[in-house]
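Okay, here's what each chain looks like letter by letter:
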Amino acid sequence: MLSFSLQKQLGSFYLQTEMTMGSEILAILGLSGSGKSTLLNLLAGLLKPDQGEISLNGQLYFNKNYNLPPYKRKIGYVFQDYALFSHLNVLENITYGANNPYQEISELLRIDHLLDRSISQLSGGQKQRVALARALLYRPELLLLDEPFSALDNLIRTKLRMDLLNVHKHYPIPTILVTHNLEEAFTLGDRIAIMDEGRILQVADPETVFYRPASKAVARFVGMKNFFSGEILQLDKAKNLTLCHSNNLNVYLPYKESHQVGSQIEFGIRPEDIRIVREDRPRTTPIVNPIKTTVWRVIRDGLSYRLFLRIQGSIKNYDMESLIPRHLLNSLAITEGQTLSVHLPVEALHNLDY
Amino acid sequence: MLPRWFRMTLILLITIFLLYITIPLVAIFWQVDWSIFHQSLTSQVAQQALKLSLSTSLISLVIIIIFGIPVAYILARFDFRFKEAIDTIIDIPMVLPPAVAGLALLMAFGRNGLIGQYLYLLGISIPFSTLAVIMAQVFVASPFFIKSARAAFEAVDHRYEQASLTLGKNHLETFIRITLMQAKPGIISGAVMTWARALGEFGATLMFAGNMTGRTQTLPLAVLSAFESDVQVALSLSVILIVVSFAVILIVKYLTRGGIFHAKFFPSKTTR
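Chain order of the listed sequences is A and B. Under the numbering used here, the first residue of the first sequence carries the number 151, and numbering increases by one thereafter. Under the numbering used here, the first residue of the second sequence carries the number 543, and numbering increases by one thereafter.
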């Protein structure tokens, strides 16, 4: 169990965070410069906090009178560029911290055939596994991973993520993974912390962070694109619905206790949650929140397509972004300029006014 | 691709320059009477100079390394006030004319010198002793070591040291097992160059230590003396010094990974 509260001023940058975590993988998601790496360095003892406290499994690491040096902390740190010692071979690297039996870990991480190689002979993925093995062989009680997959190509990355989950199953210790990659945080994190400008905006399980972002900032961070504001017209507690007026439309939202008729409200929807009304298919249930739109632009986005939709009657270029799979674009033959009926499922609409 | 006339001009210039350097060296080997080479080298003057040069230059090197490594590390890793000033002072001996360096040492440690006068009262006299030879060598050669050791330390990725700290090794262990090992090639090549500079020291030694056979007459001084009595001894000793110089350059080249014939004078045809 790790708990910390930290404050650190670095030039004009100010970091202030606190957290408690158990034997889980905590993914810290943030842009570069948000203070993620600084946080890891503070925990590892490579940087001294201005104020705060760190304790790991009941042992005090830092408070205002006490600062345990990094070499006495039981922390494994995998650096972004791995920092493998180039003058030592793989075996010498992994046993550098502690001469513990290495057989199990080297097999688990598939490096047992590389032990006598020199570091320069390793591929990026191999280096990554060696760095992880080196940190684990030290038998840490906390594992810190700084952008561990950022230097690798996609194919290897997927495999290494599985390795990491596998390792964590074998050595269930608190693990902090720092990343700017949304997908990585979502795949690996038991919980996700969103970090921005030295502060943690929200900590929660991935579902909550992605689908119930605590603020507009977090919502933007996790890829929510469509934000609307409106005025509440009517509350329906029985059906659990709130009716609000926004963009000349009436929209049903999930009901919340805090909702009051006449008050302003903000809500959003993820691009992939906007549904296209299939006029070509018979419907069994009535459509909620239908919207007539015009397709302003169609842009390829990875393996999907991103539609920029203008609500009819709007004066903007577009009001919404929708992400749809390629086959859907093809089968509906969607082109720029055409009209398109979409609807916003109630359960996919998120209140942002917390 | 350079025009032909331009390439030809460059080749000509390089050839003239290389000949200018190599012809004098070849001339020494040409003038040596190889039938008495062995005899010249085993003459008393030569033997004493060889021994003295070898011992003093190695002692100087050890002293320079002991002081130089911490100084180089501090300059490489930390920022502090007067760092530039310290750096400048360390570099001075490198550009100072050796005769001036020798005179300066004499003014400091000579019998009437700044410090020497007190040492003399204690019965210690440094000038014109073997110790003076070592002091002259240390004074003149140390910047070479500190400069290359500093560069070697600066090239060590700070992350390595941090990684070592997080793997349970304290600062001293980290320094020895990581920093020093990473910087080793640069430090060794610096040491070799420094040793060569100490071995070749002439001006400062002559001023501060004099030219006394067996006590202060190092190889370069012996070359000077022998030149006036027995040219063959001077030539033989020069052969030794030339061979050592070559070896030093080869070692440094190898350690700094350039490879001797690595550099290309002209861009190859495949270069776009």
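In case anyone wonders, no lab produced these hints; they're calculated from the structure. Using N, Cα and C, we set each Cβ at its ideal position, and we do this for glycine too. Fair warning: there could be bad hints in the mix.
Restraint-style ranges between C-beta atoms, simulated for each label pair [what the hints assert, rightly or not]:
1) A/E168 with B/F620: 51 to 61 Å
2) A/G172 with B/N712: 26 to 36 Å
3) A/D451 with B/F624: 48 to 58 Å
Evaluation of the provided hints:
1. A/E168 with B/F620: 51 to 61 Å: violated, 32 Å
2. A/G172 with B/N712: 26 to 36 Å: holds, 30 Å
3. A/D451 with B/F624: 48 to 58 Å: holds, 57 Å
Hint compliance for this structure: hint 1 is the single one not met.
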